[in-house]
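Using the hints, put the two standalone chains together into the complex.
Chains as they are written, first to last, in numbering that gives the first Met the number 0: chain U, 0 to 738; chain R, 0 to 156.
Check the hints yourself; a few may be wrong.
What the hints assert, rightly or not - Facing chain U, a subset of chain R residues (Cβ under 8 Å, in silico):
no.	residue
1	Trp23
2	Cys38
3	Asn51
4	Gly77
5	Gly97
What the hints assert, rightly or not - Some but not every residue of chain U turned toward chain R, in silico, with C-beta under 10 Å:
no.	residue
6	Gly66
7	Leu181
8	Ile238
9	Gly427
In short, the hints are calculated from the structure, not lab data. Cβ atoms here follow ideal geometry from the backbone N, Cα and C, with glycine treated the same way.
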Amino acid sequence: MISRRKVLLSGAAAAGTFIVGYALWPSGRIGRADRLAAKPGERFLAYWIKIADDDIVTVVIPHCDMGTGIFTALLQMAAEELGADWDKTRAETAPPDPLFANGALVEGFALGQASMTRDSIPAFLQGSVFAAGNRLAQFMDIQVTGGSSAVRTTGVYGVRIAAAAAREMLIAAAADRLKAPLDAFYTEGSQVIHKPSGQRFRFGELAAAAARYRPSSHPALKPRSEYTLVGRDIPRIDIPAKVNGATQYGIDVQVPGMQYAAIKISPIFGGKLISVNDASIAGNPGIKKVIKLEDAVIVVADRFWRAQRAADTLEPVFGDAGNAAVSSTSIRERHLEALNRQPIKHEFSVGAGAKALQNQALVERVYQVPYLAHAAMEPVNATALYQSAGTLEVWAGSQDGLGARAFCAKTAKLHLDQVIFHLMPSGGAFGRRLPGLWNFLAYAVQAAVALPDTPVKLIFTRDQDLRHDYYRPNVTSRFKATRSADGTPSAWVNEYTTDNGSNAEAHIVYEVPNQAYGAVKVVTPVPVGPWRSVESSWHGFFVESFIDELAHEAGRDPLEYRRALLKRKPRHLAALELAVQKAGWGEPLAPRRARGIAMVECFGTIVVDVAEVEVSDEGTLKVHRITSAVDCGMAVNPDGFKAQIEGAIVFGLSAALYGEITLGGGAVEQQNFPNYPLVRLADCPAIEVHVIESDAPLGGGGEPGTPPVAPAITNAIFAATGIRIRELPINKHSLKKGA
Amino acid sequence: MQIQLNVNGHARQVDVEADAPLLWVIRDELNLTGTKFGCGVGACGACTVHVNGKPMRSCILPVSAVVDAQITTIEGIGAEGLSAVQAAWISHQVPQCGYCQSGVIMAVSALLAGNPAPTEDQLGTLVTNICRCGTYTRMRAAVSALAAGAQVPGARK
Chain U
0 MISRRKVLLS GAAAAGTFIV GYALWPSGRI GRADRLAAKP GERFLAYWIK IADDDIVTVV
60 IPHCDMGTGI FTALLQMAAE ELGADWDKTR AETAPPDPLF ANGALVEGFA LGQASMTRDS
120 IPAFLQGSVF AAGNRLAQFM DIQVTGGSSA VRTTGVYGVR IAAAAAREML IAAAADRLKA
180 PLDAFYTEGS QVIHKPSGQR FRFGELAAAA ARYRPSSHPA LKPRSEYTLV GRDIPRIDIP
240 AKVNGATQYG IDVQVPGMQY AAIKISPIFG GKLISVNDAS IAGNPGIKKV IKLEDAVIVV
300 ADRFWRAQRA ADTLEPVFGD AGNAAVSSTS IRERHLEALN RQPIKHEFSV GAGAKALQNQ
360 ALVERVYQVP YLAHAAMEPV NATALYQSAG TLEVWAGSQD GLGARAFCAK TAKLHLDQVI
420 FHLMPSGGAF GRRLPGLWNF LAYAVQAAVA LPDTPVKLIF TRDQDLRHDY YRPNVTSRFK
480 ATRSADGTPS AWVNEYTTDN GSNAEAHIVY EVPNQAYGAV KVVTPVPVGP WRSVESSWHG
540 FFVESFIDEL AHEAGRDPLE YRRALLKRKP RHLAALELAV QKAGWGEPLA PRRARGIAMV
600 ECFGTIVVDV AEVEVSDEGT LKVHRITSAV DCGMAVNPDG FKAQIEGAIV FGLSAALYGE
660 ITLGGGAVEQ QNFPNYPLVR LADCPAIEVH VIESDAPLGG GGEPGTPPVA PAITNAIFAA
720 TGIRIRELPI NKHSLKKGA
Chain R
0 MQIQLNVNGH ARQVDVEADA PLLWVIRDEL NLTGTKFGCG VGACGACTVH VNGKPMRSCI
60 LPVSAVVDAQ ITTIEGIGAE GLSAVQAAWI SHQVPQCGYC QSGVIMAVSA LLAGNPAPTE
120 DQLGTLVTNI CRCGTYTRMR AAVSALAAGA QVPGARK
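Pulled out of the complex, with its shape left as it was, chain R reads as follows (with noise of 0.2 Å):
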């Protein structure tokens, strides 16, 4: 069926089944590669997108559920210059492999509209992604640099 779409601002028509993962749409029909595939059960977080402000795991979201919806991706929050958290994360030098980070990016973006100085706990709590490599400490001090409110090289005003 003909899906409209808000992907990153811009109008997309997709024609696909009602259940198509949004995951793959983005991917396979958007082309929209930086979301990544890591498990499929919603379980690992690397697909994580923003519905609405909100994280998602578009793995496990079918395409209809989003049909209204305001959907950003990796490739959207950096759309215009580094965000502050992707700007934080070169500055700490978070990434190894870097494949999970697009969706750890995401998650670690909306818990810190919402809530900008969390702490270790609520951090734990709310970004459940798995990192293969273990850039958990990595992350921990970039967050906790932006919750501090430094000033990230690199990151738009």
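The following block holds chain U by itself, in its conformation from the complex (with noise of 0.2 Å):
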């Protein structure tokens, strides 16, 4: 066993690579991990890969399903390696566990791979691999879902590699038993096959001997030339579930005895609760209790619709937290102002940066887009229960598991081991889940300890979820640029408010010999957050704006002068000739309709967009047609690829035509659907994707498509009319002609 131990290890060595000098699978983890997410007759062989007697190999995913198809592409990797038969392959969701965290990625995986770089793994995990140097054991108490990261992360840097390791198990018990070398072995249809003989192994014989031995940090992974289920249309695993009404969400979760809550928040935000009259629901039925916190009311009664129609009836009378005067109005001054208060300090520059700029001729144009909303349809809501003896437990969507579970004990004022949580498939996130973005989870836990050894499911109505999200911020960008002989830009200067911190995402692709970025803080009461695509879903926008402008003022057709800036991109001039392509740019269009072009990379993926638009004589505006061309390196699973890039642009365009949230007198003023409008099955346009494989690493794909819709879109309005929106959402404007 000892000897076989070496050659596992040895073998990694002879390749060249690094090996973590710190125990992949300490032996301590492997009878917690049994215990904690193992059934009789399984046992883990490495982190997230247990293999049971019957062959069944079971993907224990630390993620949560919020519809991206994550649970396949990851099981798809993992089958890849370890050579399984599709047909026995699960995924489990992993317990909210410090085993199956964030940190155990990092610290086992990725701080050993040679090919990871600040580029290609997420911002949220860069602090912990990169400040890590020679303290291997940095660990994160993260589980985080987002930053496109499940694939290209989780599945490159981890899922992949214990997949490996445990095909290199399963043939290291193979060969002791028939004294053979490894190198006479393969897997193939969960079985390991002895190549001389022909004689094979079921993977369930061998897996209790092979969990004996230690997984290689580095093992052997199969060239891409050698996949057989990577890069496949697998079906998903989890959308039989979805048609017939059988999977649990959250709000789905039933508990013994449970109640229900309704929540009235402070409209205005930061206002406090100074006094709740609960005689006037008295005498409605079912109301178990009033619960007053600092900034809330909670009705907990029986049923939800009994809680909902007495917090309906309530008037609670709130604080302003002298936030009565805040607006949309007043929120865009401020940014001007702040963008007008110079110098502004430019916090990143290429070339001479702002100096270039001197004594030329500039172009000058701001653009902003508004507060959103992430309207995820399944509104917000947690289902908690505190026992007076001093546990608390938990269901819920949330997109950390393991963070979620450790902010629930902390509201409870409990240790994290008195905590439970049942991380529950969310109807949809977007970034409302993320860490940070806590507050159903923080009013569900308040209402279960005011009502202790009761389970109590809160439910935000859809009036609460869209007036007390954390919004995708309101940003305002000032561009300056110069330019050269052949109208292209020689300086590039970009100023943008911020509400927390500089974006790299400001940063352009294009060629632009001297290049300056200046962030402004703006503070204000509104609680802002991330939003599918996060920084790009605005930065998109402005910089693929500015450039069409550009392009248009030097007399230049926008495709060609984007070329002419990408002469150094093979990969982003690929996808351009792509996308125009397909979308047939320069051919002849019907009379009023006109294309638009624009390109945004973000996640490791590049993804191009043609919007082709009609505007009507009355300024009526359809977009016929959006095609999509993006490269992400490589796709897992093609088909659930496309479809995040779809979705992304129904997703991105619901943004762009009339998504808005305005602030009045402090609070929001969008209530439901009918006033926070979101594109509908009438309104989508016909959606073409154009996959591009490179050898590029892993790009992601749940936010990737977003941030190109909204200028290509506007960009082509501009071509069909003459207009240019350089302000979110479309529906603002007016887009007849001379208007």
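Structure, rendered in structure tokens:
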């Protein structure tokens, strides 16, 4: 046994890779993982990978299913490296435990990967990976599903490597039995096969012996040319239970004795509860308790509609926290004031930076995007049971199960091990359930603590969900550029407002010799948070609008202008060429129709959209078609990946056409879908997605489709009408010619 | 008050106010949680069920209005094997988060029962559900395959 272990490790060393000087799977953790997440007849071979006596391979996924298909993609990556029969594989949600946290990924795998670069992993992991240095075990108690990272981080640096290590362990067990060399074996169809004799062993019969080996952190990975599962359109494993109502989301949890809670939060941000007259609901049926919190009132009843109706009739009095004068207009004024307050510090420059603007004719433009709500179809909710003996059990969708568990523990003043958190599938999330955006958990836990030994399900009504979100920030950006003789930019300066810091996503891919970027902080009482594609959701619109304006100012075709600025960016250029070819760029169109183009790279993926729009003489806009070319390196499940881009395009389209959260009197003015419209079937254009395979590292899938939609459409509107939209959403503007 | 309902072919007795919304009666009294809460004002369609075969938004429907009616929920239409619409939803890989799809499938099923080959405009006019994941192009593809009479694998005959 010992000699085999040496063989496995020295094989990795011979390949010239760095070996993490840290036990990949210290023996103490195997037993703990088995106790936490293995059923009888199953055992863990490596992080995330269980194999049972009946050959079933189960991948324990440290993420939340919020609809992006990652369970299927990660299972494909694991099954591929293992050589498993697809029909004998399963995926499970990992327990919210540090053993299955991002920290495990970082310390166990990511630190040893020579191919890992700052660009190949999402920002939220960078601090841990790159600050770790010699302190290998810098721990991260988070389990985030975000940053379009599940496949390109957990998959590439974690699950796939653990699966390959498990394959080597299975082979070692077979080699031990036959006393044959390791390289005489391969795996296929959930069997280990001895090449010379053709003798076969089922995974299940080897698993117990294989689990006694130590997994290598640097197993040999399958070359892409040998993939049989990765790169295939395998139907998503979660879909059958989503067509018959079987999937249980957080809102569907039923706990014996459960009561229901509805909430009214101070409409003005920061307002504190002054008083509430609950005598008005004293005669209502089923009311259990009225809970007065610092900034909210919660009504608990035996049925949700009873709680909701009672909450609706309560008229709590809240303070205004001095925010009663805050409005969209006042925030806009503060943005412009901040941008006009010179000098602005430039945190990043290229070439001579802003100095290159001096004594030159300037093109100057200001763009703006509004606040946006996530508006996932499942309103935020959580069910909590606080036992007076000092334990808490919570059921909810969250983009970080472990972090949510710790947050609930802190809220209830308990230790982590006194809290059980059941991570439920989410009916959409789009950033709404990330750490820091957990008001629904905080309120549910407070309600449970106020009503001990009673399970309480708190559901935000749509009104509360829309008015107490953490919004995509309202951002204003001012560009200044000068042009060289051929019309291309010689200097590019972008100064923009920010709620919390500078944005790397402002930086352009276009080749401009002098660039400068400056973020100007404007503090408002409005809570903000990540929203599908985060910074790129605004910078994509700003940059792609401004580059289009510069092209037109120079009298050049916007496509040809972009080509000229991407000469040394072959991947971007290839995506651009594919998009325009598929869209028929330059081919004649019916009257009143025009095309617009936009390109955004984010989360390691390049997306180019061509929008075809029609603007009637009355100024009515119809988006007919979006053609998208996407380079994500490689799509693990191309059809599933395309579905993400299609959906992200629709998400971007709602924002472009009519997405806007406005403030008046310190409060959000929108209340429900009738005044926060979202795209429906009738307004959805034809969407075509073309995926480019390249040798680039895998890019993200969930978010990159969103940013280019809005500028592709507004650039098309300009081409059709000469009207330039610099402030979203589009429906704020008249598109009638001469208007 | 005691109210007699007929849900998915079964007689069910509930004790609720006459104006309790059908949605919450289905979800919390009958434990049929496939029908979803999205907006509470009949705007998004996540709560769509069939009442005597017609698609209705159950969040704004008082339970007293459906006492003698045949109510069908998402759990009912697939009770004897996948319906053609459900099977097409799988073969076109329509759902993402899946939360709105119960309502969408109910709306599409009701539409196709009366008009097996709707035009794209008819589909857009009659199926007004919100899908935040943006699965509309796949819904369209699935409906046009059904309209063309395509045999969908997995559907009951």
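Against the structure, the hints come out as follows:
A least Cβ separation of about 5 Å between Trp23 of chain R and chain U falls short of the 8 Å threshold, and the interface hint therefore holds. Proximity of Cys38 of chain R to chain U holds as hinted, the smallest CB-CB distance being about 4 Å (cut-off 8 Å). Hint status for Asn51 of chain R: violated, given a least beta-carbon distance of 20 Å to chain U, over 8 Å. Evaluation of the Gly77 of chain R hint against chain U yields a held restraint, the C-beta minimum of about 4 Å falling below 8 Å.
The criterion of a C-beta within 8 Å of any C-beta in chain U is met by Gly97 of chain R, whose closest approach is roughly 3 Å, and the hint holds. The closest approach between the C-beta of Gly66 of chain U and any C-beta of chain R is roughly 3 Å, which is under the 10 Å cut-off, so the hint is satisfied. Against a cut-off of 10 Å between C-beta atoms, the interface hint on Leu181 of chain U is violated, since the closest Cβ of chain R lies about 39 Å away. For the restraint placing Ile238 of chain U at the interface with chain R, the shortest Cβ-Cβ distance is roughly 5 Å, inside the 10 Å limit, so the hint holds.
Given the 10 Å rule on beta carbons, the hint for Gly427 of chain U holds: about 4 Å separates it from the nearest Cβ of chain R.
The earlier numbered hints that this structure contradicts are 3, 7.
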